[in-house]
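Asks: Those protein sequence lines, which keep their order, are chains B and L.
Okay, so the first sequence: first residue is 1 according to this note's numbering, each after it adds one.
Okay, so the second sequence: first residue is 315 according to this note's numbering, each after it adds one.
Bear in mind the hints are in silico, worked out from the structure with no lab data behind them.
Note that CB positions come from ideal geometry on N, CA and C, so glycine has one too.
Residues from chain L that face chain B, not an exhaustive set, calculated with beta carbons under 7 Å:
id : residue
1  : F401
2  : I406
3  : V411
4  : L412
5  : P413
6  : V416
7  : T417
8  : D450
Okay, the calculated bits of chain B under chain L, using three or more residues with CB under 8 Å as the criterion:
id : segment
9  : 14 to 24
10 : 28 to 34
Beyond 10 Å from chain B on every Cβ pair, some chain L residues (computed):
id : residue
11 : D340
12 : V346
13 : H356
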Amino acid sequence: MKHLLSIADLSREDIESIHDLTDNFVEVSRRQIPKVPALRGKTVVSLFYEDSTRTRISFETAAKRLGADTMTFSVSSSSVKKGESLRDTIDTIGAMGIDAVVVRHQSAGVPWQLTRWTDAAVINGGDGWHEHPTQALLDTYTIRERLGTLDGRHIAIVGDIKHSRVARSNVLAFTALGAEVTLVAPPTLLPPSLEGWPVRVSHDLDSILPKVDVCYLLRMQRERMTEALVPTLREYTATYGLTRRRADLLAPRALVMHPGPMNRGVEIAAEVSDLPTATMVEQVSNGVAVRMAVLFLLLGSGTRAEAARVVADA
Amino acid sequence: MAERERQLTRPSGGVFHARTEVMDADDLRRAVWRMAHEIIEHNQGLDQVILVGLQTGGVPLAERLVEALAEIEPTSSVGVGTLDVAFYRDDIGIRPVLPEAVTDIPFDLTGTTVVLVDDVLFTGRTIRAALDALQDYGRAASIQLAVMVDRGHRELPIRPDYVGKNLPTRRDEVVDVTAEGVHLGDVE
Chain B
1 MKHLLSIADL
11 SREDIESIHD
21 LTDNFVEVSR
31 RQIPKVPALR
41 GKTVVSLFYE
51 DSTRTRISFE
61 TAAKRLGADT
71 MTFSVSSSSV
81 KKGESLRDTI
91 DTIGAMGIDA
101 VVVRHQSAGV
111 PWQLTRWTDA
121 AVINGGDGWH
131 EHPTQALLDT
141 YTIRERLGTL
151 DGRHIAIVGD
161 IKHSRVARSN
171 VLAFTALGAE
181 VTLVAPPTLL
191 PPSLEGWPVR
201 VSHDLDSILP
211 KVDVCYLLRM
221 QRERMTEALV
231 PTLREYTATY
241 GLTRRRADLL
251 APRALVMHPG
261 PMNRGVEIAA
271 EVSDLPTATM
281 VEQVSNGVAV
291 RMAVLFLLLG
301 SGTRAEAARV
311 VADA
Chain L
315 MAERERQLTR
325 PSGGVFHART
335 EVMDADDLRR
345 AVWRMAHEII
355 EHNQGLDQVI
365 LVGLQTGGVP
375 LAERLVEALA
385 EIEPTSSVGV
395 GTLDVAFYRD
405 DIGIRPVLPE
415 AVTDIPFDLT
425 GTTVVLVDDV
435 LFTGRTIRAA
445 LDALQDYGRA
455 ASIQLAVMVD
465 RGHRELPIRP
475 DYVGKNLPTR
485 RDEVVDVTAE
495 GVHLGDVE
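Work the whole structure out from these sequences, hints included.
Replies: Below is the structure:
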């Protein structure tokens, strides 16, 4: 593995080996000193063209716990504001000597473009509506921790599927690991075509909830209202929100998941997010361990190419 | 661990062919028994003593030592942990390095006497990594080293406190320790 761009590039075995490696970093995170020197001397840059607090901090925490140095390049306070192109930006950062770049951009495909311009490992931290692979890796890890396996599990993804890179990455990851996926959303918030997606679709949340092992809620963004995709947030909550009443329809052990940040009272009721079956806090802490595993695989573990070179030299 | 892991892990690994039997199962049992006695004698008992086996070869040896210690001193209880040093190695990025198992040290090591246990002591680099790793679990009062085979060729100033057998070897030979005994051979 040279880059992490998309879940679509990963086989079931790839995802499972990242999960196995994550177990080690969960152990590291629980120690008195939650830090290992595995990536000492490496530099990880976060290049964020979109606002993000949790993903950026999660990656930076992961890099620091591996002993790497971190640099942040956020658009609001940089030369991008002065009109610098993406190409020039990556050349500039690259000239400082970096080993990995975590990129978030509003346009799909930017991480692929970057791999053509830099020798550093590129990690997709979210590109447009396209993908957010580390989110899917941490979500599947969290489900594995709670339910043992995703094989044969039924997962509902509820909300704004159309604009969600989290939904796209998770559909790929959930189905790769053997789960069944049902998308639940109003027709206006589904992609124009679902051809080739290995999923079922429903518009009736109440009838789906008793059948699922996981109810995965997506963030409902306020600007969708101004785009007239939903009439009002209150109406959205009434039809698609996980209210206290709806949460009671879930099987007792079924999980409630959300990638954050949550709109309490919109897609999820405040008291539902505090249920013992809700995994939001675990998702965040598992996120650091999963990102440590990804960084270690890309920068530390020795890729296949490196292994071949060592053998050839010996 | 250093031995078998480095030599046998793909892609640089291969199949181990034994040439000579150095110790048989009985020799191994007697050596474990003697080392257990030495640990008790050296520490004047087993108060605050914790054994930590290195993944993967040191783990079964640590378990056998704990069984022997419990037989010799039935009133004592010795904690046992396992440690994987992958993230502390000095060859990260040079060769493929991945942990074999999750480290399990469920105690604060502050003030304890830690006996590190490994099957073969070779260059000493694995032990160097293990010493760094142990720091992150608390400040031990002392750290000692027990190995079944010391095969020489040290690259760092490290020496064992308890040794099953001193075995002169060539650098390119491979020492394999299992429950059935210790064998010297090659990897193809």
